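Chemist: Keeping their order, the protein sequence lines are chains A and B. Just so you know, the first sequence maps onto residues 1 to 257 in the numbering used here. Just so you know, the second sequence maps onto residues 258 to 544 in the numbering used here.
One should not assume that every hint holds.
Unchecked claim - DSS-like cross-link-like pairs, simulated, lysine-lysine; straight-line CA separation at most 27 Å: (1) B/K435 <-> A/K112; (2) B/K482 <-> A/K116; (3) B/K482 <-> A/K133; (4) B/K435 <-> A/K159; (5) A/K116 <-> B/K435.
Source of the hints: derived by calculation from the structure; they are not laboratory data. Note that the structure is predicted; figures quoted are calculated from it, not measured.
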Amino acid sequence: MQESLVNLTDVTFNYGNSTVLKDITLTVQPGEFWALIGPNGSGKSTLIKILLGLLKPDTGSVELFGEPISSVSHKERIGYVSQKSNSFNSGFPATVLEVVRSGLTKKTGLFKRFSKEDTEAAMNALLEVGMEKFADRNIGELSGGQQQRVFISRALAAKPDLLIMDEPTVGVDQQNSASFYSMLEKLNRDNGIAIILVSHEIDLVTDLASHVACLNLTMHFHGGRRDFAKLNDKDLSRWYGHSVRLIHQEEGDSSND
Amino acid sequence: MIDALFTYEFLQNAFFSGLIIGVIAPMLGLFIVVRRLALIADALSHVSLAGIAGSLYLSQQVLFFAGLNPIYLGMAAAVGGSLLIERLRRVYRNFEELAIPIILSAGIGFGAIFISLAKGFGADLVGYLFGSVSAVSRQDLLVVAVLAIAVFVFIYLFYKELFTLSFDADYSTASGIKGRWIQMLFMVLTALVIGASMRIVGILLVSSLMTLPVAAAIQVAKSFKSAMLLSILFGEVSVIAGLFAAYHLDIAPGGTIVVTAIIILLFVLIGKWLTGKGTVRRKGEVL
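Full structure from sequences and hints, please.
Modeler: What follows is the structure, encoded as structure tokens:
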């Protein structure tokens with residue numbers, strides 16, 4: 001059997017006295033494309049932080065690539081893309097290539113300098129997101145959508161098996177976010193990279209993903225997209241705590257996490 | 258000055274340690290500035306003032322300190338301050354910048370106490386505050402040279418980690434880079450450089466040599482590498498021009514070096530404005 005990329009079992013997490021995540025169980029297999037959806041404050045970002053090893057759950061176990069998270073030796077197998085707005089200082093003097101190559105820092109290892117191959121890997125990663133022409137441009141000169149492509153490319157440079165993205169299209173306009181999503185689809189289909197995409201845009205991401213996880217304190221649903229599509233709006237609205245309809249996203253639901 | 262440079266050892270000391278500091282201060286400064294921590298250098302220089310003042314006071318009281326170069330206690334105080342800042346930044350997680358004024362005040366506070374206790378140090382103190390061309394000893398130059406080697410080795414070995422950490426600290430943690438001890442080493446080195454630079458630039462102005470050349474460089478640099486090279490270039494020009502002016506006009510070199518750096522910054526800003534690449538103007542906005 002193939003090793004699972006992610007194996008969460010009965011994970012519970014508390015901030016002080018309030019429980020943020022309760023009994024979360026989730027398995028992600030190679031090549032799957034998961035949409036992690038849920039309303040604001042449902043614990044999506046907390047779950048991502050647990051997956052990245054930035055937070056430790058109070059109970060339950062977290063395994064990545066078949067190993068307990070504390071002893072995972074190859075963290076570069078995960079590529080992480082955060083929300084655009086809070087990830088960097090736009091006046092930073094760095095070229096696109098320098099930023100993408102920084103995705104190889106961990107893989108290259110301590111006390112070593114970047115080699116020619118590392119630079120080539122970074123260029124290839126830029127090619128995959130269609131940004132190779134911008135390699136020598138200053139990162140701050142690019143538009144929000146272009147910057148987000150660069151950050152995906154930084155995550156791709158180390159050739160990860162799993163991409164984890166936390167609301168990557170916040171602050172990116174609609175047209176650009178559509179082409180951004182089709183690029184993700186291509187990466188998943190052609191390169192076989194598994195993806196966990198956190199989003200509040202239910203329709204967009206459920207059309208894109210092969211699997212859906214619906215989170216609000218507990219995991220209300222996790223499974224294939226077809227099964228998710230069979231759910232009725234009433235269940236979904238109950239989990240969300242307010243009215244939600246599939247197919248057409250409601251205007252009022254477009255707030256950010 | 259060129260003739261004098263061949264004749265007088267004190268001038269050689271000042272000139273060569275100036276040249277070295279002109280490279281390493283902006284080099285470290287670049288990493289500090291891009292992380293929006295420019296004031297850390299200020300806090301550390303004030304802590305090293307406390308160390309120097311303490312050493313000068315003790316030299317009047319205890320025989321052992323009479324023969325000790327005050328630069329050592331100044332460097333030690335700066336290192337202590339840098340470790341405390343890192344500690345405080347963790348205590349005040351949501352107010353990280355608060356660590357800087359706390360340490361800065363502590364430095365001035367202790368400095369003022371030692372200076373008063375010793376009933377002032379006269380010309381000596383002015384030299385430490387604003388730098389001096391004549392006070393740099395062979396021993397000071399040696400300390401600066403050894404430090405420079407440590408800084409070069411450190412940046413050579415950890416360039417990519419330092420870049421990744423500075424560009425995006427969250428990403429760097431998420432990708433499993435052990436940033437904490439690299440950051441700690443960086444702070445200790447910065448503290449040592451600040452402590453060692455004060456003979457030349459002076460305590461009050463050493464942080465300027467870490468930030469002003471960088472401020473000019475990031476206005477024009479597209480890449481991080483070019484930002485580093487330009488910072489060093491601007492730093493060197495400031496030090497050389499500043500030292501010449503200080504020698505000929507008999508002024509404290511701290512002042513002339515920093516004013517040169519300010520002039521360079523002004524030229525860069527004006528040049529950028531003239532070529533139309535200045536701060537992005539909103540559409541329709543009239544200047």
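Chemist: Decide, hint by hint, whether the structure agrees.
Modeler: Hint by hint, here is what the structure shows:
Under the criterion of a C-alpha separation no larger than 27 Å, the hint pairing B/K435 with A/K112 is consistent with the structure, at around 15 Å. Taking the CA atoms of B/K482 and A/K116, the gap is near 16 Å; set against the 27 Å cutoff, the hint holds. For the hint pairing B/K482 with A/K133, the CA-to-CA distance comes to about 20 Å; that is within 27 Å, so the pair holds. For a cut-off of 27 Å, the pair hint linking B/K435 to A/K159 stands: about 21 Å separates their Cα positions.
Annotation: proposed proximity of A/K116 to B/K435 holds, straight-line Cα distance about 24 Å (limit 27 Å).
No hint from the list above goes unmet by this structure.
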